[in-house]
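A.B. asks: Single-letter residue listing:
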Amino acid sequence: MREPIKYVLLTASLGLLLWSLYKIGYVLPLEANVAAYQILYLHVPSFFAAFTGFFLGLFASGIYLATGNFKYDSFAAGANEVALMFATAGLASGMIWARYAWGIWWTWDARLSSMLLCWLVYVGYLFLRKSVEEPTQRARLSAVLSIFGCVNVAFVYKSIEWYRTQHPSPVLSFRNGGDHMGPGLEAPIWWNWLALVCLGVVIAMVRMQQGEMSREIDALRRQAHSY
Amino acid sequence: MEQRELHFVMYGLTAILMVIVLYILKLDADGRRLRKELDRVRKMVGGSEKRD
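Quick mapping for you: the protein sequence lines, in order, are chains W and Y. The opening residue of the first sequence carries number 1 in the working numbering; numbering runs sequentially from there. The opening residue of the second sequence carries number 1 in the working numbering; numbering runs sequentially from there.
Hints may contain errors.
To be verified - With a cut-off of at most 27 Å between alpha-carbon atoms, the simulated DSSO-like pairs for lysine-lysine come out as follows:
hint, chain 1, residue 1, chain 2, residue 2
1, W, Lys23, W, Lys71
2, W, Lys71, Y, Lys43
3, W, Lys71, W, Lys6
4, Y, Lys36, W, Lys71
5, Y, Lys43, W, Lys6
6, W, Lys158, Y, Lys36
7, Y, Lys43, W, Lys130
8, Y, Lys43, Y, Lys26
9, Y, Lys26, W, Lys71
10, W, Lys130, Y, Lys36
11, Y, Lys36, W, Lys6
12, W, Lys23, W, Lys6
13, Y, Lys36, Y, Lys26
Unchecked claim - Over 12 Å on every C-beta distance to chain Y, these chain W residues come out as not near it, computed from the model:
hint, residue
14, Leu16
15, Ile24
16, Leu42
17, Ile147
18, Pro168
19, Arg221
No wet-lab data here; the hints were simulated from the structure. All of these numbers come straight from a predicted model, not from anything done at the bench. Just so you know, even glycine gets a beta-carbon here, dropped at the ideal spot from N, CA and C.
For reference, chain W alone in the conformation it holds in the complex:
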């Protein structure tokens, strides 16, 4: 059952990305000032896909702590790992934007610093999972860290409204403050977000299968030691 879903999601993701890129490049009437912000069409969806993954990781971690079912631990690990990949992509594209717009690759403003901190917390999450051998302890500790990390995600999201530092203020119409792009220009951001979420789901499914294999290996090793 899993395999056909993967192929459908992967096809949908690639189709949406290509269609959206075509719209960005050749259809949308970009004014000169908006043209300078074109990278937003990939930068913002990367972070939205990352935040979606971190929140899914938070819910799965909460359910794991409540039920003790390892499937939710595997799901949380997959969601957080994929989310970290999207956050890395978002940071990389943001640095390219910064080099173009500000002439520097990085600055220690509120948004960038809080996002870097968030990124480091989730890198720590992955290291924690690798360093703890006992499965129950690993799952419990990483669930707690996932919940802690998600508090920071909420702070990163709101930081451009709370702190007016170097990072541009919000451009999407549903957010407070900033110069909004307008609904017509916003649409590709949402399509790209959907495309990246579809891709993320496929990768998280593969990652979950690997988690199940890891648990089977652990169980077989314990069985071998008991002989």
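Chain W is fixed; fit chain Y onto it per the hints.
C.D. replies: Chain Y alone, transformed into the frame defined by chain W:
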């Protein structure tokens, strides 16, 4: 659209795609390593059961 702007979008897209592709390659390598390890442990446990 200005040529420079199109290039600029492409740099961003390339950065994002590179991160995704590198991650997928790592995922594939992890999967192969796990399958190999699972086969090895299964054989090991199978052997132990036969001896018992």
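A.B. asks: Work down the list of hints and note, for each, if the structure agrees.
C.D. replies: Going down the list of hints, with the structure as the test:
1. The hinted pair formed by Lys23 (chain W) and Lys71 (chain W) fails the criterion: a straight-line CA distance of about 39 Å is larger than 27 Å.
2. Using a Cα cut-off of 27 Å, the hinted pair Lys71 (chain W) and Lys43 (chain Y) holds, with the two alpha carbons roughly 25 Å apart.
3. A threshold of 27 Å between alpha carbons decides the hint, and for Lys71 (chain W) with Lys6 (chain W) the separation of about 19 Å falls inside it, so the pair holds.
4. Distance restraint check for Lys36 (chain Y) and Lys71 (chain W): the Cα-Cα separation of roughly 22 Å lies within the 27 Å cut-off, and the hinted pair is therefore satisfied.
5. A distance of roughly 30 Å separates the Cα atoms of Lys43 (chain Y) and Lys6 (chain W); the hinted pair therefore is violated under the 27 Å criterion.
6. At most 27 Å may separate the alpha-carbon atoms for a hinted pair to count; Lys158 (chain W) and Lys36 (chain Y) exceed this at roughly 45 Å.
7. Pair hint Lys43 (chain Y) plus Lys130 (chain W) holds up; C-alpha atoms about 25 Å apart against a cutoff of 27 Å.
8. This hinted pair checks out: Lys43 (chain Y) and Lys26 (chain Y) have alpha carbons roughly 26 Å apart, not beyond 27 Å.
9. With a C-alpha separation of about 22 Å, the suggested pair Lys26 (chain Y) and Lys71 (chain W) falls inside the 27 Å cut-off, and the hint holds.
10. For the hint linking Lys130 (chain W) to Lys36 (chain Y), the alpha-carbon distance of about 19 Å falls within 27 Å, and the restraint holds.
11. The hinted pair formed by Lys36 (chain Y) and Lys6 (chain W) meets the criterion: a straight-line CA distance of about 23 Å does not exceed 27 Å.
12. Distance restraint check for Lys23 (chain W) and Lys6 (chain W): the Cα-Cα separation of roughly 26 Å lies within the 27 Å cut-off, and the hinted pair is therefore satisfied.
13. Of the supplied pair hints, the one linking Lys36 (chain Y) and Lys26 (chain Y) holds, its CA atoms being roughly 15 Å apart against a limit of 27 Å.
14. In this structure Leu16 (chain W) is separated from chain Y by more than 12 Å, as the shortest Cβ-Cβ distance comes to about 14 Å.
15. With a cut of 12 Å on Cβ distances, Ile24 (chain W) falls inside the contact zone with chain Y, its closest approach being about 7 Å.
16. Once the 12 Å rule is applied to beta carbons, Leu42 (chain W) is inconsistent with being away from chain Y; the minimum gap is 5 Å.
17. Every beta carbon of chain Y lies more than 12 Å from that of Ile147 (chain W), the smallest distance being close to 24 Å; the non-interface claim holds.
18. A cut-off of 12 Å between C-beta atoms confirms that Pro168 (chain W) is not in contact with chain Y; the least separation is 15 Å.
19. Some Cβ of chain Y comes within 12 Å of the Cβ of Arg221 (chain W); the nearest lies about 6 Å off, and the non-interface call is violated.
Checked against the numbered hints given earlier, the structure breaks hints 1, 5, 6, 15, 16, 19 and satisfies all the rest.
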